[in-house]
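Peer 1: As they're listed, the protein sequences go chains A, B, C and D.
Its first residue numbered 1, the first sequence is counted upward by one per residue in the numbering used here.
Its first residue numbered 1001, the second sequence is counted upward by one per residue in the numbering used here.
Its first residue numbered 2001, the third sequence is counted upward by one per residue in the numbering used here.
Its first residue numbered 3001, the fourth sequence is counted upward by one per residue in the numbering used here.
For the record, the hints were derived by calculation from the structure and aren't laboratory data.
Predicted model only: the values in this text are computed from it and were never measured.
One should not assume that every hint holds.
Claimed, not checked - Label-pair restraints from in silico Cβ distances:
1. A:212 with B:1149: 42 to 52 angstroms
2. C:2291 with D:3228: 55 to 65 angstroms
3. A:203 with B:1156: 14 to 24 angstroms
4. B:1276 with C:2044: 36 to 46 angstroms
Every residue gets a Cβ at the ideal spot worked out from N, C-alpha and C, and that includes glycine.
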Amino acid sequence: MATLKPMPQATKISAPFWQALKENQVKIQQCNSCDGWVFFPRNHCSHCLSHDLDWKEVSGEGTLYSYTLTRIPTMPEFADEMPQALAVVELAQGVRVNTTLIDVAEEDIKVGMPVKAVFDKVSKDGETLLRFTSVSNDGGVREFKDPLEGLERNDKGQVQVPVSNLAALYALADNEFTPWSNSIVVDQALINAFAELSGDDYWIHTDPERAKTDSPFKTTIAHGSLVQVLQSKLTIALPFEITGFQTMVNYGSNRLRFPAPVPAGSVIKGRSKVQDVSVSHKGVQVTLEMHIHVEGNDRPSVINDLVILYR
Amino acid sequence: MATLKPMPQATKISAPFWQALKENQVKIQQCNSCDGWVFFPRNHCSHCLSHDLDWKEVSGEGTLYSYTLTRIPTMPEFADEMPQALAVVELAQGVRVNTTLIDVAEEDIKVGMPVKAVFDKVSKDGETLLRFTSVSNDGGVREFKDPLEGLERNDKGQVQVPVSNLAALYALADNEFTPWSNSIVVDQALINAFAELSGDDYWIHTDPERAKTDSPFKTTIAHGSLVQVLQSKLTIALPFEITGFQTMVNYGSNRLRFPAPVPAGSVIKGRSKVQDVSVSHKGVQVTLEMHIHVEGNDRPSVINDLVILYR
Amino acid sequence: MGLAGNAAIVGAAQYKPEKYQTAPQMFHLEQVADLAHQALQDAGLHKDDLDGLVINGPQFHEASVFVPAMAAEYLGIEVNFAEVVDLGGCTAVAQIWRAAAAIEMGLCQAVLCVIPARMAPLAPNEDPAWMAQAMRYGGHSTAYGAPEAEFDLPYGHMGQNTGYAMIAQRYAAQYGYDKSAMAKIAVDQRFNAQYHKDAIFRGKELSIEDVLGSKLVADPLHVLEIVMPVAGGAAVIVASKEVAARAKKRPAFVTGFGERLSFKSPSYANDMTVTPVAEAAKRAFGMAGLSPKDMHAAQIYDCYTITVLLSLEDAGFVPKGEGQRFIKEHNLTWKGDFPLNTHGGQLSFGQAASAGGFSQVIEAFDQISNSAQGRQLKGCDNVFVSGTGGVMSEQGALILQGG
Amino acid sequence: MGLAGNAAIVGAAQYKPEKYQTAPQMFHLEQVADLAHQALQDAGLHKDDLDGLVINGPQFHEASVFVPAMAAEYLGIEVNFAEVVDLGGCTAVAQIWRAAAAIEMGLCQAVLCVIPARMAPLAPNEDPAWMAQAMRYGGHSTAYGAPEAEFDLPYGHMGQNTGYAMIAQRYAAQYGYDKSAMAKIAVDQRFNAQYHKDAIFRGKELSIEDVLGSKLVADPLHVLEIVMPVAGGAAVIVASKEVAARAKKRPAFVTGFGERLSFKSPSYANDMTVTPVAEAAKRAFGMAGLSPKDMHAAQIYDCYTITVLLSLEDAGFVPKGEGQRFIKEHNLTWKGDFPLNTHGGQLSFGQAASAGGFSQVIEAFDQISNSAQGRQLKGCDNVFVSGTGGVMSEQGALILQGG
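For reference, chain A alone in the conformation it holds in the complex:
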């Protein structure tokens, strides 16, 4: 899932920390040589440089060492959390952690207050950030809230995403393909019609006899651009509809590829996914990655990254 916000990239060294958070545990390293606690994760002890470290589960309790409330977002992507209570928490083991304090009213935030860990699920995949809250609050887990949840649906069942809801827009770019579309047949008659219309009557498309002997495919194949334009006949059930824009412009394609041939008579079907959502002064740009396959072929015959600009 694309998110608005910078996400941690675990390394070989830090992976146990992030994995533990996924499992709703706080694990930090302790040195077997000097008993010192180590944070952030390292391959050596930050007290004595020993390499003999073990991961230990800790309670996740600590105190608020300091904090600030951001009145201007540190990045535009954090606008939805405003004001963020950026915090430094000192765990009971003495190490400090940069984090955010959540679910505490501004007037209740006090340096020195006891706090406890909240495992904040920030993606559908369970990626977890370590946040903190007051010990008087409930619960140690904040479940992932799909930004698409609670949005209205139209009569086709598509979730209605206002172009102003950046978090929801980013959530669309989830790398999951739609279900397959309907199937259509690309027969020689269709190929011939396209050859006539476009003017591309190269024998490899139009001469079945010659193709039998001369073509590496041993049969005629459809023009790549024919298969490309047939996407209009493939009904792809996008799970969302973007709303609230002034204009929608089909910007074209960022990438158009024809990785596999479509022999005459093939049955094709398609699916797509949201590849990217980006916001600029031009508006909101959504890139749909459209794949058209010959049925039974894992390799797509058309890859078309369609760019649509909303403003």
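Go by the hints and put chains B, C and D onto chain A.
Peer 2: Only chains B, C and D this time, still in chain A's reference frame:
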């Protein structure tokens, strides 16, 4: 023109040097405060830091301070000059210049030999590098040798560029469009045929009555992808043909844009240019930038960067 | 131990702070040569006197590696000391003591310290977007494996503002927080800026109400307590006693210095409210054989008002926790009883990236050499200068004395 | 003037040189901590003894700016001297004397000098192509306005090979050129490498015919006269006399040093055949009160055979123009009468980027501290070490003495 080799990018400071070379002159800076000569160009004297510098034409004569013959190219792109005689020349004014020595036999190159400037025209636009040769040689100018010159032509008059001739391939990327193609009419019948074939029968393309009132264009317009595929009917006289490859693959498009509408009944025409040539382990990739315009409209209706891979 | 006081600042040059949008664009090499020229003229020295070079390493436009070699070649000088410094806002102070040390060790007789901080022109085909992209994370590294990329950015911790704000909050919890005292730092400095012809906020006076009424950025810091980044750049010539004797101006001898780097993120400090300048200043005063009360002016690095408060305390000008009272009880302007940042500080003079730290160094030199024009202090012989990089991560101190 | 000889190398660590393809990939921070750990163990010291840090500035993987702060925080140390060096192959030598100077000035008692030079792991979505792209111009800057981009690259001048080749050609024209003498440098060093367990060319002996029969790269340099880049990295601990007294090994005191930077491209040198090490070595010997004939070994930076020839002459081991004769008349191996690069030199030990210069420093320490195992010299008290960056652009010299 794209070239194989890194080219100098003149700055505000150095521009007079490069401009002088174009005019077959060597100009270097002299300080009015201390009379010192300055090279490479600066905004201050390299002897006394004075800003009072003037550009002076000098003879371009000097001596060979040192040199080496490269037996392995310093970059693959210099393979055609092998062995390069990389040289340092000390001009009569005492400043030294990194350069190449040309047209001197290996055994005749001697540290200390007198040399003189050669203005080497390295592009059609007159971009000039300052090389040196023995004073016993003729001529101070080496004219630009078009890498395409001397190559054979086919019966259509297209220059035959072997895929192995990198310099010639790079020379194709010259940012000049071909002449316009033939013109064709995009009438409602063609639009309707495409609508049926592709399945995209949106009213903006197919319903002239409704378009009159509801469309911002006040008439129906062709599908962008229709205009795109009509490129097959536009005969574009590319001035070259690439030869000597095993396979040619139409890779697809790197960028497909529809910047302007094509109202029904428009006459369209096209042209193209070589946008880029690049070489990788995959082969030689040529990107053709295809533009299709409605006659009379400066803004293209289709921009299609077609990628063709030769190997 | 330390310096004997045989090296001095003898000349300086500094571009007038300007907004990036309107400032001239110059290559960094070009700025280095131009600033060197101006600083040498200020000193009355010649390029050939130079035999040492200290330059900023990172963020040099024309090269990311071999920066000293490229710059020395461009200047046409050969040097016995080729130094880069990578200490953010502490770089200027760090450059000066390194130059003085090289001189006292006998390596050099005159060292150019320089930081270009105007933007370089873009190449004809260069996309300015890369710059915006590079600045997106406020200077935080986004490299794979960088602890700040992995453990700070995902939570919104980035840039400098929030780090300084958290230090201020911790201070407030331990010692109390007097908003108007903090605002007074900015106000008194703004007063000073009215007397410096190059200050970016010259002509714009300021009141405590203005500061406290300005936008809150991150509690408790208001926008008028935070420096404005500007285009600029500066050079300083440090020379031996012998060379100083033939320089035009009264030299400012470097008689003490200290440097301390304690962390990158203040979150990992032993105590967030005890800043590295404590160790740096202690060493500097000890080396010079002087104490804070011997100072005739303090030029204290002021990226934020909180930086000034903590530096005053930790450098020993006032006991811990009493800084705010001290600020209210004293007139901090050049006319007052505790002249602080007499050029306006970076808050009112402008912060030209890491060259901003030179504004404090050069103001100290201006005061000592009697070049401070309308804001000249009387009998200004001893000046304390501090530098601060990162989020009080690395700090330096200088004691400069008229000779 | 200069050093009093009160600081010493007390410990060191160095990764075995390995080909990039097969070497472990580690973050640079991780390497810094690992190398520091090993070097401290070698010295018998503890991390908390460290109060100074000297690190390579450019080409640090996890950050391009605030490198010392990031590294110190990672190590968990606070320092009074936070230094970066940007002198290419001269960086190791330059780090050592800076550390020694900081110690003698009383800033520090133990300084970590470190250069990580293994590759960092790529992020899961990172394209390794950027690295190839970045290396395309052989380290030459391609920035708009960089003189080398504008006046060198278009002609094919790039990287190091051709610059060194042109220096050799000029030398040949002035003093004559004896190919077999030059090859003998590589051959004698290869002999030494057979006795170092970590040398990359251990087990591969070499003859003069092999060298002269190897591929000519740029006249007159053959491929076997040119170093092979490898993955590696090194750390050295420099400490005060007091700390050295409790270290495990015999310390190598830094009694002399010099540094000289003369140009970026040797084309702009006053005289291409008189290299900056001349000034650097003169200062180093003068400071130590010794002369070349007092040295028991010479560890001379050897990116190319020509570098060794010129350094021998310019550092004063042999008069100008007589180096080739000297080489033929002497056995340069550790068994010979003029022990040179007793670890094999970088030519046969391997060049781990700018950490390669540490191989010479560490070999000097190994010989002085009696840790050179099978290649141990007898009574090795005084060692000369040189460092060379760029195309002989910047050079440094150290005199190390057993205490």
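Peer 1: Does each hint fit the structure? Answer for all of them.
Peer 2: Outcome of the hint check:
no. : hint                                   : verdict
1   : A:212 with B:1149: 42 to 52 angstroms  : 44 angstroms, holds
2   : C:2291 with D:3228: 55 to 65 angstroms : 57 angstroms, holds
3   : A:203 with B:1156: 14 to 24 angstroms  : 20 angstroms, holds
4   : B:1276 with C:2044: 36 to 46 angstroms : 56 angstroms, violated
Hint 4 alone, counting from the list given before, is not met by this structure.
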